[in-house]
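Undergrad: Letter by letter, the chains look like this.
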Amino acid sequence: MQIDNILSLVTYLPAAAALLLLFFPGAAKTAIKSFALAASLLAFIFSLHLIYHFDAASGTMQFVESTVWFRTATITVSHHLGIDGISLFLVLLTTFITPLAILSSWSSITERIKPYMMCMLFLETGMVGVFCALDLVLFYVFWEVMLIPMYFLIGVWGGQRRVYAAVKFILYTMVGSLLMLLAILYLFFANGGTTFDLVAIAGNLASGALTLGRGEEMWLFLAFLLAFAIKVPLFPFHTWLPDAHVEAPTAGSVILAGVLLKMGTYGLLRFCLPLFPGASVEAAPYLCVLSLVGIVYGALVAMVQPDVKKLVAYSSVSHMGFVVLGIFVFTAQGLQGATLQMLNHGLSTGALFLLVGMIYDRRHTREIADFGGLAHGSPILAVMFLVVTLSSIGLPGLNGFVGEVLILLGAFVENRLYAAIAAGGMILGAVYMLWMYQRVFFGEVRNPANREMGDINLREKLLLLPILVLMVWIGVYSAPFLNRMEASLQLVQERIREAGTPAGGYRVLAPPAGLEKTGLD
Amino acid sequence: MGNDLIAILPLIILAAGGTLIMLLEPFTRPERKGNLGRLSVLTTALAAYTLSFQWSDSPGKAFGGMILLDNFSVFFQWLFVVVTGISALLSMRFNERESINRGEYYALLLFACCGMSLMAASGDLILTFLGIEILSIATYVLAGFKRRDAKSNESALKYFLLGSFATAFLLYGAALIYGSTGSTNYEIIRTVIALQGSFQTTVLVGIGLLLVGFGFKIAVVPFHSWAPDVYEGAPTAVTAFMTVGPKAAGFAALLRVLAQAVPALAADWTAILWAASILTMTVGNVVAVLQTNIKRMLAYSAIAHAGYILVGVVVNTREGFGAVLFYLAIYSIMNLGAFGIVLSLSRQGDQHVNLADYSGLGRTSPLAAGALSLFLISLAGIPLTGGFMGKFYLFGAAIQQGFVGLAVIGVLNSVISVYYYFRVMVFMYMREPLEGQPEPEAINPAVLAVVLIAVVGVLLLGILPGEFLDLATYSTLALK
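Which chain is which? The protein sequence lines are R and X, in order.
If you read the first sequence in our numbering, its first letter stands for residue 1, the second for the next number, and so on.
If you read the second sequence in our numbering, its first letter stands for residue 1, the second for the next number, and so on.
You may find that some hints are simply not true.
Per the computed footprint, the stretches of chain R lying under chain X, defined by three or more beta-carbons under 8 Å from a beta-carbon of chain X, are [what the hints assert, rightly or not]:
(1) 71 to 80
(2) 146 to 152
(3) 158 to 167
(4) 170 to 177
(5) 183 to 190
Computed Cβ-Cβ distance ranges for the label pairs, DEER-style [to be verified]:
(6) X:F165 x R:F23: 55 to 61 Å
(7) R:G454 x X:P433: 52 to 58 Å
(8) R:T67 x X:D268: 45 to 51 Å
(9) R:Y12 x X:A168: 45 to 51 Å
(10) R:T194 x X:R147: 54 to 60 Å
(11) X:G370 x R:G203: 22 to 28 Å
(12) X:L460 x R:Q438: 29 to 35 Å
(13) X:L460 x R:D370: 27 to 33 Å
(14) R:S8 x X:S56: 39 to 45 Å
Note that these hints are calculated values from the structure, not bench results.
Here the structure is a predicted model, which means the values were calculated and not measured.
Where is the CB? At the ideal position from N, CA and C, for every residue including glycine.
Based on the provided sequences and hints, a complete structural model is requested.
TA: Structural data, given as structure tokens:
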């Protein structure tokens with residue numbers, strides 16, 4: 001049975017729950033936590049409905065809902081929601097990560113629980129909304145509104161330099177997004193000033209009913225790109241990320257790394273490529289180089305971090321570079337790998353932040369130098385950390401491998417040098433992660449506290465288990481995931497190929513026959 | 001003649017209400033002066049009610065074209081009576097606390113409202129000038145109403161001196177235009193310029209001088225230097241009124257003159273205002289960043305918002321003018337709401353208005369902090385608040401006419417403004433409460449009502465702005 005308006009349900013259920021939380025007395029901490037957890041779990045269960053009824057053969061929007069949001073004499077803004085193979089898993093990732101993030105703050109957040117949980121739930125609504133919105137204004141609204149709860153999560157419940165990090169986070173993001181707003185308005189008027197509907201505008205662009213001049217297209221592309229590149233973050237726009245990650249509370253980091261960064265790469269796939277294919281092709285070499293720089297630079301900087309959390313934060317810069325690379329080589333494998341890698345990075349980095357948070361809760365330090373020999377006292381924690389580490393560095397059999405190999409394949413077809421450098425980045429990734437693991441978990445126990453800090457408890461096991469299951473699942477049998485993405489990504493790729501090949505004299509981007517299918521699905 | 005009087009019935013009600021309050025003042029015991037405040041609120045409500053009958057699809061005239069009866073004037077007069085009523089509500093308890101609760105205060109508010117209404121309804125330079133004078137004299141006195149307070153005195157004197165200087169510019173501009181076109185009536189001026197086919201340099205100079213005068217009222221850079229000192233020194237309730245009412249009135253008169261009298265010179269005045277807009281928003285925002293006093297910060301933010309609103313004037317289309325009206329309404333609501341919170345948190349003698357005083361407010365008064373955050377978020381232009389819709393429509397109008405550069409500078413300015421608006425939230429939520437602070441007095445019902453109205457207004461206009469946007473755009477039919 002199909003549920004009507006399922007996307008609205010999944011999107012607004014957390015916000016509604018957050019409003020209900022207002023009526024809870026602030027002292028009823030357990031009730032508040034349980035209610036927030038229940039609401040986010042409910043949203044997750046409803047989102048499972050999406051995957052069950054999703055038609056993998058179709059690349060177009062599904063579960064579409066469209067009503068008028070507001071209308072003036074000249075402007076109509078619609079409440080248009082829908083998902084395709086690109087957004088499906090990102091919606092699920094969001095609804096999957098949020099309950100985990102809430103559960104992870106069960107004992108670590110002790111003050112101002114009510115506003116904290118409200119922020120988490122509003123944040124979830126904003127994130128799901130970003131992935132579902134098909135109206136440009138609606139998208140922008142979700143994109144911006146989501147900043148406020150994140151700002152408070154970092155600024156109120158964060159670490160020592162939380163205010164600095166929160167302000168930096170919001171200012172960086174605002175610069176990009178406000179220019180995107182102008183680009184949205186420009187596109188709206190260029191399209192005749194009638195609709196903000198993404199599907200309609202993209203359709204007009206594809207059919208030639210709306211044509212943009214080359215310079216015009218490039219400027220619009222850049223305005224969108226800036227917003228997304230800051231979010232990803234693409235080198236050199238990454239400087240807000242280490243601060244935000246390190247200062248945010250564990251759950252904030254998990255959501256930041258797990259979902260928020262994906263909004264950037266999602267935006268590239270959903271807006272930049274289909275709306276401005278010509279400019280995308282033109283800018284692709286530069287963006288590939290920037291993402292390669294990000295891969296290597298992120299890895300090198302991660303290597304020398306004395307702080308585990310900061311190390312994981314810089315590893316995100318490196319990993320998200322892979323995703324951007326996969327997108328801008330425009331090959332089938334690259335796009336698939338990028339989309340899958342968004343999911344993988346959400347899982348593995350989310351899990352890493354959870355684990356770092358667990359260690360921090362026990363030892364109140366994140367300095368690698370303070371650790372050593374944790375495996376002696378906390379064997380289960382050590383094993384779980386190892387699995388997640390291996391997933392992050394792309395060990396075959398775990399999820400990271402599938403995504404990164406697809407991206408490397410895709411890059412290889414396009415440009416062998418890209419693939420070589422990216423592969424070098426992968427090796428660097430293994431170096432810094434394993435080196436960190438060794439210094440933290442192995443070796444002599446120099447500080448007795450490291451032996452006595454205690455292994456993880458049942459709640460924490462429950463937190464990690466679903467993530468580990470998914471890691472193995474995607475690593476061993478990724479077909480159910482890739483199949484559902486394929487059709488939608490093909491549409492994006494066709495759009496690029498149409499615009500990328502003819503008059504402008506761009507290179508032919510079709511990969512050689514035989515490499516079309518990866519063989520992995 | 002009868003029709004003429006009906007046309008200005010709202011004005012008559014306001015003036016009569018003000019006079020009545022003056023008459024009752026000597027016979028009211030000090031502790032019951034609040035009733036005079038209530039009377040003034042009632043007067044504005046009555047005026048708003050009579051205004052609703054003037055809303056019509058066919059514009060008319062009264063007093064031989066001196067008074068224009070169109071929806072533009074009705075929209076603005078509504079705005080003015082609401083602003084005045086809200087200011088009176090904000091003032092009552094505040095004035096008691098500051099021991100300045102005298103009837104004249106409310107009478108002056110009503111007279112100021114008369115002046116503003118005249119500015120919006122006027123179709124003649126002379127009447128516009130009279131409106132400005134009525135408004136100005138009332139606000140000079142209001143700014144100095146705390147006559148034992150040196151800062152309040154400074155505020156009034158500064159405003160008066162610079163204000164009269166600016167008025168002189170305005171008058172001289174009007175004289176030059178009269179000299180070269182032979183009339184002070186907007187319609188005749190427009191016709192004469194159109195018939196001449198060209199215009200004399202004196203008209204251009206006249207417009208320039210008029211712009212100086214209006215620029216002063218609106219606090220446009222470089223004629224803004226009075227604003228921070230005056231806003232800071234005036235009693236907070238008066239500051240709330242001054243940042244919205246006279247500013248909106250200035251825009252009303254400016255739009256009337258530019259669009260109805262000298263549309264032929266659009267190329268010239270849009271160029272001037274383009275530069276003024278950029279200067280105003282940039283200076284306002286950049287200097288606001290440095291402020292540690294909330295009143296002063298809101299004063300500079302008021303300057304910055306005038307810069308945004310000028311974008312709509314520069315665009316010079318119906319959408320642009322509609323955006324101006326919409327933004328002025330939104331801005332009035334959110335700014336009055338913010339001032340409502342600021343003045344109810346302040347202590348006797350207008351103390352306790354520094355950023356540091358707001359430390360930990362999220363814990364000590366969560367509702368006040370929440371409401372203030374909402375207003376600040378709206379002032380910063382974050383979606384789902386009226387402030388976003390205002391900017392959306394304003395910059396949309398600019399983009400539509402190809403003013404992309406102006407819009408880009410506008411949004412970059414918004415980013416700056418996010419910094420200082422959100423900094424208040426940093427203090428409220430991310431710092432611990434200071435030790436040994438006296439408890440703020442309980443928020444009084446009138447202020448609470450204002451804050452509630454403002455919260456609802458900000459959210460409603462942010463989530464479902466459609467009809468109100470249409471109303472604002474429709475009100476500009478007379479201009480374009």
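Undergrad: Give a verdict on every hint.
TA: Hint check:
no. : hint                        : result
1   : 71 to 80                    : holds (count 5)
2   : 146 to 152                  : holds (count 4)
3   : 158 to 167                  : holds (count 4)
4   : 170 to 177                  : holds (count 4)
5   : 183 to 190                  : holds (count 4)
6   : X:F165 x R:F23: 55 to 61 Å  : 56 Å, holds
7   : R:G454 x X:P433: 52 to 58 Å : 35 Å, violated
8   : R:T67 x X:D268: 45 to 51 Å  : 46 Å, holds
9   : R:Y12 x X:A168: 45 to 51 Å  : 58 Å, violated
10  : R:T194 x X:R147: 54 to 60 Å : 58 Å, holds
11  : X:G370 x R:G203: 22 to 28 Å : 43 Å, violated
12  : X:L460 x R:Q438: 29 to 35 Å : 59 Å, violated
13  : X:L460 x R:D370: 27 to 33 Å : 53 Å, violated
14  : R:S8 x X:S56: 39 to 45 Å    : 41 Å, holds
The earlier numbered hints that this structure contradicts are 7, 9, 11, 12, 13.
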